[in-house]
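Enquirer: Order-wise, the sequence lines are chains A and B.
The first sequence begins at 1 in the working numbering and counts up by one.
The second sequence begins at 1001 in the working numbering and counts up by one.
Simulated from the structure, these hints should not be mistaken for laboratory data.
Be aware that one or more of the hints could be misleading.
[What the hints assert, rightly or not] Simulated DEER-style distance windows between Cβ atoms: (1) Lys1141/B x Val232/A: 44 to 50 angstroms; (2) Arg600/A x Gln1225/B: 48 to 54 angstroms; (3) Glu1145/B x Ile160/A: 47 to 53 angstroms; (4) Ile653/A x Glu1123/B: 43 to 49 angstroms.
Idealized CB from N, CA, C, for every residue including glycine.
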Amino acid sequence: MNKLYVKLMATNIKNGKRFYLPYILAGILIVMLFYNMMAIYYNEGLSHMSGGSDIKMIMNFGTRVVVIFSFIFIFYTNSFIMKRRKKDIGIYNILGMEKRHIAMELFVETITIAITVIVCGLVTGIVFDKFLMMFLYKILEFETSIKFTISIQAICNSLIVYIILYSLTMVYNVLQVKLSNPIELLRGGNVGEKEPKTKIIMAIAGFVCLGIGYYIAITTENPIAAVTLFFVAVVLVIIGTYCLFTAGSIALLKMLKNNKNYYYKKKHFIAVSGMLYRMKQNATGLANICILSTMVLVMVSTTVSMFIGEEDILKTRFETEINIAGYSDQPQDSSKLDKIVEDEINKSGRKITNKYGHIGINLAGIMKGSELDTKGEDGIQYNYSDITFINLVTRESFKNIINIDTGDIPEDEVIIYSNPEYTEKELKLQGHTFKVKESFKAGDEFFPVADNTIANCFYAVVNDYNELEKVASKLREQKGSDTDIYTYELHIDIDGTKEQKKQCGNAVIKAIRDKKSDETGYSARMVETRENNRESFFGLYGGLFFLGIFLGVMFLMITVLIIFYKQISEGYEDRERFIIMEKTGMGKKDVKTSIRSQIRTVFLLPIAVAAIHVTAAFPMIRRLLLMLNMANYKLYARCTVATILVFAVIYIIVFLLTSRTYYKIVGEENR
Amino acid sequence: MAILEVNNLKKIYVTRFGSNQVQALSNINFSVEAGEYVAIMGESGSGKTTLLNILAALDRPTSGEVLLEGKNITGIKEKEISAFRRDNLGFVFQDFNLLDNFSLKDNIFLPLVLQGMSPGNMEQKLRPVAAKLGITEILSKYPYEVSGGQKQRTAVARALVTSPKLILADEPTGALDSKAADSLLKLFKEINDDGQTVLMVTHSTKAASNAKRVLFIKDGEVFHQIYRGTMNNEEMYSKISDTLTILATGGDINE
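Sequences and hints are given; from them, build the entire structure.
Expert: See the structure below:
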């Protein structure tokens, strides 16, 4: 008896290999990806690397995403295959197999597939593990040899997740048999198609959700709010997409159908009714494709742009190789601090290629007319985006920073560089009023971009220290005489390799940390160097990039398979319609072009909508990237466009390839 | 006047690899007068379907000609053939061939829409046809919501609505229960009484006994024909049965 089940299963899978093969291959790939992520998460060697913990965190997040999507995907394909199998099962039933026998057959089948998938997935996962680690280390610029490891924990986790998953599909399949009668099974998919009802409320809800989602994405200026609102927007857009694909499309088509003069035209007649039928069948599948595509696009474009822009990000975050800030209550002669730093650099054998320093007073508060309010009333939380940062500097310092000589500035007057341009006639700081001599629009080069977008930044340039002191004295009155008022910033670029720069940076950090306040002249000091932070940056962005590519591949593959299965089911649906239309007086060519264009619309719709989603998300993602110091939005735009193009090309190739299967099905008995 | 003339029609199928030739029609000759109701009978493999396909311009003969109102339809260009079929012929099929995603009304409208008629005119054309076929009440329903008989009436309505010169029916009662078949045959008779020319291919003696003339095809030739004359349906029925028996036993006909 057992042999019979095995035999039945073997014939089934062989006959249906067109459906089973992609299902099994996709399963293997998913298990493999899951194992690999888990293996990275549990990897011992990575724990010792700087940035390793970031990667582990990212991978942990990634595995959850993989789990969710493998559930959705495997259930979707499984139910598709079951639908196709219904007729066979009905025949078995009529030929005398009891339901429990059929259930047994399905049980054997599901177990065989599950074992194949899990075993093959784990084996390929283990084989690919080293290769992937090499790829990951390359991205992270880690230069260690990689040992071949098998992660027992990762294997256990994979087993648990996928055994549960396949057990659930088995329960689903067996229930399908239990709950059906043979006649229904025999008829399989050929149950009459009711015309879909218009769900106007759902359609409107979809529009509203999508509208609000887009509105949030486009108008949210505040990057901190953007982080939380981003997820709100994502959820709204997903709901909106589902509603619009299911209800919206049908409402629109019904409207066209009710317009008799439009509907009863040769071209529209076939197209509208055909699309109505298709959308009813496929709306959810298409919405899935659309959302998956959007995810792929956003994920890949952001992670790639961050990865490519890593150098930019470092440069944005760290103005020069070595950045030192010293805080003091009085204007200080910076030569002591400068000397310490320069000595250390020389000792390390590096040369200074660029050096500038400036002194000023940094103020932050809310602009009320022409006055900067720095008090911050109790109990009132200021919106971060309302805060204005004012960098009050002398003419000489400003020349050091920006390389613009403003010329002489009269007493109690100020020149302002800001974006947008400052329009008031005066600037009142801590009770002292300056007359605005001139104001200019500041270009991008003026500010570390991240600061500029998070809040409004001003450069307020005055003639000399006497002018600075007018504000400083007021500050001292308000906050006490020993407050650090003046900020000295020293920026130095050095030559050498990355490693040499790093060593030099470490020496400078150590030297400044070890010195006492009076040795440097500043009561508080801060040092940041680019190279010493590189690794943790690479850990984060490289890890995200790795995950982006990883999940991108998975989503893409799922999308491809959904397209494939959709094409097949469309083919079976269309075959009969094809024949009837030809018989009732429509030219063969007309039928073909009409159906072809419908199919094309159906499949291009999701990717077109995905592209619109990505475009709408652009402003918001740009702000989110700014939070991560990714200021180069042009790079991000290029990455987005490139990702969309690459994705579209792959999508169209897949579509064309699967179209061949479609035409094969449609044409089989037609010719 | 002969509305349809079939002269020396011959059709040879060549198998895919070209080695075998199968002669489906060897030499068919007959004509149909305007207002006639002709049934064509024959066993499976006798060439009935091939003949109908050629008459419907779905297939081309190897040689011979088919004249519809004096125009040779075997010479029509591929591009014009759909339009020709639409404008001149009406089809009724065994399995109805209604589109699931159209309401009955839209199914009937399909050929008119393809002709480019305006919605107003279409309604005008539909009304009398639907009334005659007794489907006015169910026009807004979908094929899966109505019975087989109603589906076939709809298909007949679709064939009639373009006022074709000739209706070609392929086993129209084949998928119907006997009651629905009877009422459909009655309908065909009524339509024919209104002056519509009908050509029906059938297996069913009952269906054929309704016709004014029955042609018998055997081995790709018109073997025999029976005219109704003054016979009623029952007499016609037994005559056809006798002929079929002779046909099946292979005996000669001596009348």
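Enquirer: Run every hint past the structure and note whether it holds.
Expert: To see whether the hints hold, each was checked on the structure:
Taken as a hint, the range 44 to 50 angstroms holds for the pair Lys1141/B and Val232/A, whose Cβ atoms sit roughly 45 angstroms apart. Separation of Arg600/A from Gln1225/B is about 52 angstroms and conforms to the stated range, judged on CB atoms against 48 to 54 angstroms. Checking the proposed 47 to 53 angstroms range against Glu1145/B and Ile160/A shows it holds: the Cβ atoms sit about 49 angstroms from each other. Separated by about 47 angstroms at the C-beta atoms, Ile653/A and Glu1123/B satisfy the suggested range of 43 to 49 angstroms.
When the structure is compared with the earlier hints, no violation turns up for any of them.
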